[in-house]
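Could you build the full structure based on these sequences and the hints that come with them?
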Amino acid sequence: MSAPAVKPIRDALYEQPGPKTRKRINIATAIAAVLVLICIGLIVRQFYVMGQLDAKYWELFTRWTTWRFLLTGFLGTLKSAAVAGLLALAGGLVLMWGRFSKIPPVRWVARAITEFFRGVPSLLFVYFFFIVMPTIGVKMDSFWMITLPAAMSAAGACAEVFRAGVNAVPAGQVEAAKSLGMSKTKTMLLIQLPQAIKFVVPTLISQLVIVVKDTTLAYVVSYADLLQNGRVLIANYDALVSVYLVVAVIYILLNYLINKASVAIANRNGVKLIDVSKVSA
Amino acid sequence: MRFVELLSTYGDMYVQAALATWWMTAVSFIGAMVLGLAVTIMRVCPIAPLRVVGDFYVQVFRNIPGISMLILVAYALPYLGLVLDWVVCVLVSAILICSAFASENFMSGINTVGIGQIEAARSLGLTFGQMMRLVIIPQAVRSVVPPMTNLLIATMLTTAIASQVPVAPPELTGVVSYINTRMPYGVLAFIIPAATYLCTSLLIGYVGNKLDQRVRILR
Chain V
1 MSAPAVKPIR DALYEQPGPK TRKRINIATA IAAVLVLICI GLIVRQFYVM GQLDAKYWEL
61 FTRWTTWRFL LTGFLGTLKS AAVAGLLALA GGLVLMWGRF SKIPPVRWVA RAITEFFRGV
121 PSLLFVYFFF IVMPTIGVKM DSFWMITLPA AMSAAGACAE VFRAGVNAVP AGQVEAAKSL
181 GMSKTKTMLL IQLPQAIKFV VPTLISQLVI VVKDTTLAYV VSYADLLQNG RVLIANYDAL
241 VSVYLVVAVI YILLNYLINK ASVAIANRNG VKLIDVSKVS A
Chain C
1 MRFVELLSTY GDMYVQAALA TWWMTAVSFI GAMVLGLAVT IMRVCPIAPL RVVGDFYVQV
61 FRNIPGISML ILVAYALPYL GLVLDWVVCV LVSAILICSA FASENFMSGI NTVGIGQIEA
121 ARSLGLTFGQ MMRLVIIPQA VRSVVPPMTN LLIATMLTTA IASQVPVAPP ELTGVVSYIN
181 TRMPYGVLAF IIPAATYLCT SLLIGYVGNK LDQRVRILR
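Order-wise, the sequence lines are chains V and C.
Using our numbering, you'd call the opening residue of the first sequence number 1 and step up by one each time.
Using our numbering, you'd call the opening residue of the second sequence number 1 and step up by one each time.
Hints in this document: simulated from the structure, not taken from any laboratory.
All C-beta atoms, glycine included, are put in the ideal place defined by N, C-alpha and C.
Check the hints yourself; a few may be wrong.
Per the computed footprint, the stretches of chain C lying under chain V, defined by three or more beta-carbons under 8 Å from a beta-carbon of chain V, are [as the list claims (entries may be wrong)]:
hint	stretch
1	27 to 37
2	76 to 90
3	160 to 171
4	184 to 196
For lysine-lysine, the following BS3-like pairs were computed, each having C-alpha atoms within a straight-line distance of at most 30 Å [claimed, not checked]:
hint	chain 1	residue 1	chain 2	residue 2
5	V	Lys-23	V	Lys-102
6	C	Lys-210	V	Lys-186
7	V	Lys-178	V	Lys-79
8	C	Lys-210	V	Lys-102
9	V	Lys-198	V	Lys-184
10	V	Lys-272	V	Lys-186
Dropping the structure here:
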């Protein structure tokens, strides 16, 4: 809908600069470039001065074993995120369905669960499975202790995304279905959901970023994800700064790509991303 | 019965924890708004290097997981000669992450104004400053109320990372592990912080919604 206007707006703020302004902008650009370079230089210098650029901290990244170990962790992250994502999709659909139910108590319960999943930090859910469940005699695998909380948080968000998508289907469609004598369930299944999917796919993909971020809480339950394996590397090589930096960069790249994909699909479908944000943690 | 016992033993602690979460949320959110505004100004200014830095900043901090960020600030920065207080580490992490999202919200706020209005303002002979002050900022600010409400809730949820470093007093998430390592209250110990988070979220959402209804521009 508003997709094409996104790029040029910050350029549209300015008039075509005249010769004087152009000169001023050029000077400011030069000064800013120098300042930015100086800042980068200072950071690198600080690394150097503190000995963090020493070969012993970085040469482990020239070894295949290091990368293989990180890759194992990365796959652990992907596995947890994928399962959590699927569970969240299913949970989100159920919760959304509940909110459109004819029976008021079903609507209330669905609403309460959605709000609960969205309003409580994932970390608290992790603690629930990690600390609270064992005290009442439920033991689970560390995989589920990280995947379930991530799925719960995301399910709340997915429910809201689906709801926004269903609401975005024009009212005439539902009225037409009713006048054809379709039941509420049939209308939802055959008319509203299929059209809603188009609206929500990009947003659902962007929610994956939050799932990936939530899986880093595996740090708490010692499930072998990327961050946890990074920690093991640190214990072996005593190279904290370099390993945590590399791990952070991998997460940033992964999430960056997910965001890129979601925006690309949104632009292709001509739909907007829906903001139901829950940042992280 | 056990609930009463839990409250009488740890009631104070829950109050302290709620206060800790609230003030950390408030400070982080204000910091994130200020920093996010600064980054947004960099991103819309005509000076290319600042734009690049602003865009890069947002991509880095909106995509980094909170725990990863906190670990870098709390455990890696000391190796680079910068030792911060535990609470400051949490605040810095939360502010960096949330400011990136704040800047994204501001940008989309500016985007809602539309090129036509900018062209109209210019053809009326408004200067850049006048255009910003009279046309763009009032509309942009009004349209960012709902996303900023969501961001405030998200900021609160982000402060839960404080449970990963020894912050005293512990905030609402940290208090769960604190109490459960001493007394096995099970689900009870978890319910109070969860309810506090939930009520705060709902309250923020309610106030944000009311505010939005007052200032929203119907298009």
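Each hint, compared with the structure:
1. Here the stretch 27 to 37 of chain C counts 0 residues with a CB under 8 Å from a CB of chain V, which misses the bar of 3, and the coverage is violated.
2. Coverage of the stretch 76 to 90 of chain C by chain V holds in this model, with 4 residues showing a Cβ closer than 8 Å to a Cβ of that chain against a need of three.
3. Only residues whose C-beta sits within less than 8 Å of a C-beta in chain V count toward coverage, and the stretch 160 to 171 of chain C has 4 of them, enough to reach three; the restraint holds.
4. Taking a C-beta to C-beta cut-off of 8 Å, the stretch 184 to 196 of chain C contributes 8 residues in contact with chain V, enough for the three needed, and the coverage statement holds.
5. The suggested pairing of Lys-23 of chain V with Lys-102 of chain V is violated, with an alpha-carbon distance near 66 Å, which exceeds 30 Å.
6. A distance of roughly 36 Å separates the Cα atoms of Lys-210 of chain C and Lys-186 of chain V; the hinted pair therefore is violated under the 30 Å criterion.
7. Between the alpha carbons of Lys-178 of chain V and Lys-79 of chain V the distance comes to roughly 42 Å, so the proposed pair goes past 30 Å and is violated.
8. Under the criterion of a C-alpha separation no larger than 30 Å, the hint pairing Lys-210 of chain C with Lys-102 of chain V is consistent with the structure, at around 28 Å.
9. A distance of roughly 21 Å separates the Cα atoms of Lys-198 of chain V and Lys-184 of chain V; the hinted pair therefore holds under the 30 Å criterion.
10. Distance restraint check for Lys-272 of chain V and Lys-186 of chain V: the Cα-Cα separation of roughly 27 Å lies within the 30 Å cut-off, and the hinted pair is therefore satisfied.
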